[in-house]
Amino acid sequence: MKKFVILLALAFSLFVYLFYRSSATVAPLLLAQIMGQESFLAVRAAVRAHVWLDEFAVYSLPEGLWVLCLTLASRGLTISVGKCLVPLDLLPPAYAVGLELAQGLGLVRGRFDPVDIAVSLWLWTAGVLLHPSLSRNLALKPDRRLLALAGCWSIVYLAHVQS
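Going by the working numbering, the sequence shown opens with residue 23, and the numbers climb by one from there.
Keep in mind the hints are simulated off the structure, nothing from the lab. Each hint should be verified, as a subset may be incorrect.
Once the Cα atoms are required to be at most 20 Å apart in a straight line, the calculated SDA-like pairs of lysine to any residue come out as [said to hold, decoys possible]:
#, residue 1, residue 2
1, K25, V183
2, K24, A172
3, K24, G120
4, K24, W175
5, K25, I139
Quick list of simulated restraints, FRET-style, between CB atoms [to be verified]:
#, residue 1, residue 2, range
6, L99, V119, 17 to 25 Å
7, L169, V73, 25 to 33 Å
8, L169, A148, 15 to 23 Å
9, G104, F34, 15 to 23 Å
10, E77, M23, 28 to 36 Å
11, M23, Q55, 20 to 28 Å
12, M57, I101, 49 to 57 Å
13, E77, V119, 19 to 27 Å
14, V73, I101, 34 to 42 Å
Predicted model only: the values in this text are computed from it and were never measured. Every residue gets a Cβ at the ideal spot worked out from N, C-alpha and C, and that includes glycine.
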């Protein structure tokens, strides 16, 4: 079930980034390069004409979904910082909250939205509760886990808006 949740959440986020976010976002820029600008714009217009998404689904939910995916994929992994072992599943909410704060301070592009923080923290909690322990044999195999983590962080990159 964890794999299905990760794939579905990443696919929805990618769909939003491709067809509903700014044209300056990395994901649509790449697809426009592959398809050609005219073809991409025609497909994007057709998708928008047939699939309605509200502002929450376009602007707040995708961030929370990648936080959920990264939490599920990194649950039980740690990194050494000095003599401490830091759980990697703390990185997604820290990154999301830090990104929002940086937006609020004008350090990075974007608009500060406390709803984004709430959604990210709520879905991080859901990820922790969905996958409470690796001892239950729910863990992805090491090679699949690396692939899942790479896919999750790729979605974060594809959401980036170019200057």
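Okay, the hints, checked on the actual structure:
1. K25 x V183: violated, 28 Å
2. K24 x A172: Given that 20 Å is the threshold and the Cα spacing comes to 16 Å, the pair holds.
3. K24 x G120: At roughly 26 Å apart (the allowed maximum being 20 Å), G120 and K24 break the hint.
4. K24 x W175: holds, 17 Å
5. K25 x I139: violated, 24 Å
6. L99 x V119: 17 to 25 Å: holds, 20 Å
7. L169 x V73: 25 to 33 Å: holds, 28 Å
8. L169 x A148: 15 to 23 Å: holds, 22 Å
9. G104 x F34: 15 to 23 Å: violated, 38 Å
10. E77 x M23: 28 to 36 Å: Taking Cβ atoms as reference, E77 and M23 lie about 29 Å apart, which means the hint holds.
11. M23 x Q55: 20 to 28 Å: At 35 Å between Cβs, range violated.
12. M57 x I101: 49 to 57 Å: Check failed, 39 Å falls outside 49 to 57 Å.
13. E77 x V119: 19 to 27 Å: At roughly 20 Å between Cβ atoms, V119 and E77 fall inside 19 to 27 Å, so the hint holds.
14. V73 x I101: 34 to 42 Å: holds, 39 Å
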